[in-house]
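Colleague: Let the hints inform the model, and build the full structure from the sequences given.
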Amino acid sequence: MRFTIEHLSKHFENKEVLHDINFTFESGKIYGLLGRNGAGKTTLFNCLNRDMKADGGSFCLETEGQRKDIMPEDIGYVLSTPTVPEFLTGREFLLFFLQIHGESIKDKASMDAYFDYMSIAFEDRDKLLKDYSHGMKNKMQMLVNIIAKPNILLLDEPLTSLDVVVAEEMKQILRGLKKDRIIIVSTHIMDLALDLCDEIVLLNHGVLTEVDKTDMDSQEFKEKILEALRDNAAM
Amino acid sequence: MNKTFKIAFSLRNTYRVNTILYSLKQIPLIKRLLPQELYRDPDLKLLGAILSGIWEFIKAFLGKLLYFLLMVTLAAGLYETAPTGQIFLHIYVLLTLIGALLNTYIFNPTKDKYYALILLRMNAREYALVTYGYEMAKVLAGYTIFGIIFGKMCGLMLWQCLLLPFAAAGIKLSVVAYSLRDYERTGRAVSENQVGVKEWLVIAGFLAAAYGLPAIGWVLPAAVSSGILICGILLGLLSVRKIWTFGEFRELYQQLLIEYMSQMEQARTSVKRQSEKAIQIGDTSGSNREGFEYLNELFIKRHRKILWRSAERIALVSLGIVCVCILGILFVPEIKRTINHLVMTNLPYFVFIMYFVNRGTGFTNVLFMNCDHSLLTYSFYKRPECILKLFRIRLREIMKVNLLPASVIGAGLAAVLYVSGGTDEPLNYVMLIVSVIFMSMFFSVHYLTIYYLLQPYNAGTEIKSGTYRIVVLATYFVCYGFMQVRIPTFAFALGTIIFCAAYCIAACVLVYRFAPKTFRIRA
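Taken in order, these protein sequences are the chains called A and B.
For my numbering, count along the first sequence from 1 and bump the result up by 1061.
For my numbering, count along the second sequence from 1 and bump the result up by 6.
Hint data in this document are derived by calculation from the structure and do not stem from the laboratory.
Warning: the hint list may mix true and false statements.
[Stated by the list, open to error] Result set (SDA-like, lysine to any residue): computed pairs, CA atoms no more than 20 angstroms apart in a straight line: (1) A:LYS1239 with A:LEU1122; (2) A:LYS1167 with A:MET1062; (3) A:LYS1198 with B:PHE386; (4) B:LYS51 with B:TRP61; (5) B:LYS31 with A:HIS1072; (6) B:LYS283 with A:HIS1195; (7) A:LYS1191 with B:THR275; (8) B:LYS395 with A:MET1132; (9) B:LYS117 with B:MET128; (10) A:LYS1114 with B:PHE520; (11) A:LYS1188 with B:SER291; (12) B:LYS51 with B:TYR85; (13) A:LYS1076 with A:MET1132; (14) A:LYS1076 with B:LYS31; (15) A:LYS1114 with B:LYS37; (16) B:LYS51 with B:ASP118; (17) B:LYS388 with A:SER1165; (18) B:LYS342 with B:VAL425; (19) B:LYS395 with A:PRO1133; (20) A:LYS1274 with A:MET1251; (21) A:LYS1076 with B:ARG519; (22) B:LYS65 with B:THR116; (23) A:LYS1114 with B:THR524; (24) B:LYS144 with B:LEU71; (25) A:LYS1114 with B:ARG519; (26) A:LYS1114 with B:LEU382; (27) B:LYS307 with B:ARG402; (28) B:LYS37 with A:HIS1072; (29) B:LYS388 with A:MET1132; (30) B:LYS406 with B:PHE298; (31) B:LYS388 with A:ILE1131; (32) A:LYS1210 with B:LEU382; (33) B:LYS388 with A:LEU1156; (34) A:LYS1188 with B:GLN286; (35) A:LYS1114 with B:PRO390; (36) B:LYS12 with B:THR116; (37) A:LYS1129 with B:ARG389; (38) A:LYS1169 with B:PHE386; (39) B:LYS388 with A:ASP1130.
Modeller: Here it is in structure tokens:
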């Protein structure tokens, strides 16, 4: 499966944030989206998730030569600040989600199995979400986004504010999820990108470019990324 | 000092001009006309500077004009217990004391002081002295002009008129000097906006003395008032030295401004905290429904207090008013005809009443803060069929909430009409009830529709849509305008029913057509 973006562009007044983007992501990989502050990473995600109307261009999924439009259920978008309906308990939120999706979820597991998978303790499952910690809210958000098995998972700065244990758990979950799926992680932290991601994509001056890692050790690769970001910034 | 004055003034001006340009940018249509380099455009900067200058002029003179005209001169003219000039001085002396306590300027933490002293680290003493001096100059200028005009109108001598501005400035200076001494003694800077109970009692006492005593014939003799004013000037002169030599402005402002900024921050987050508080944790009972009905039932259950409480109170108060009216008619039959006439001709008033009674904006506010703010970040929630399904459920709920007070008001009106002598046309009773219920339905649909079509909030739960603000404001003015309309009840009720039904249908069509695209968190 391939996720193809063609001629995607977006501008705010005179500033062109996304400039005729053409790029293809392939399933089975985690892509690290790196860019400097204000490069347009969140704008790109918002356009892909249709939270923001792009000025032009299209994106679609391609499976065995067949193209299909992206539907809302194809995309899971995990925000850096977790937002969950605080008046529900963890279990109620999950139940609501499962009811909405009904039969469309394949291999539905029991609710407790889902909570176990995310390492959410038994005693926390029936608490109101407003009383969850930041990390637990993040896990709930992630759970709801991956349960329906979307083809594309967008994660905006996913691990930045998590403690080391939860961050490590999340990394494991993401690595386990990448099969048959496209995961794009936007981050500022280069070490995280290098540790978690299979490919590094730079967003600079509104354009996406993949950084080739062939025949390089990690230090050389880092230097190359920094160089590319600096060069682009100087353009 | 000269340089500090220039910087302080230009800083405040820049901040004001930018605020004006930012506000212009929020107005739909106008924002499209404005260039992106808004804050760099010399013409727009000039326009902003002119508006800012006008604002400064209005602040310096219009406020003082209204003060002299309404609070002193016209008020003094109301009493006949003493010569107007004497009452004028009596009121002026007492109000000046209140003004000096409430309006010190130096102890008022403001944003421009925060920018100048905390962010730009300007010399605190110089900044305080030049800006305070500027304020005092405005007081002297404004009070001299209006003091002479209104003082002469009330029969004061010129020398008495000239006492007014200098005494006001002198008393203000004395209060500031006293407060600075107090700071040196206690080390605690008290903002002028934090008025304690003791101060409020003193202020209430002065206010009562200013306007209450003349009513019973107790007015300060003109000589005493003039004496107090002269004392104020002398005290002011003595206080100048204290203010000029005070050496701890930096410490004082550091304390005052940091406290102020943390209060501002608290106020900003309190909306979010309030809405979190609205969730009733006590109610853990679940729901047997499925899908969006399940979500809705839990939402209503856990927000019952905030969603229903005010509707219940309004219904109760309306019931009370209806009972009072009916009892009034029974015990004082002379008012029967008047009340009957009022009910038969003043139904348009109820548009405005129903506007106030309606819980629409409160309902959509809670919906966003505690539900849509989070769920709109999930793609499944934004599927068109989900948006529309939830819209239907919510419309039902908001109508239920508003129906309670509406049915009490509608039935109450019909009951009052009946008791006050009734009507030849029995259909009028039905029309009263139905039209009030239709008005309630109209507001329910209206607020939910504009919420779905204009979804005004961003992720930080701030209202970002100028159009939404304008529509809300226009709703108010249109409803207010109905109070001027005089149409017989039957005709108005019929018109209302037809209009509301048509509006509801049109609004629902628009929501079905556009909400799947518009119901998003604003970027």
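Colleague: Would you pick out the hints that fail for this structure and give their numbers low to high?
Modeller: Per hint list: 12, 13, 21 violated.
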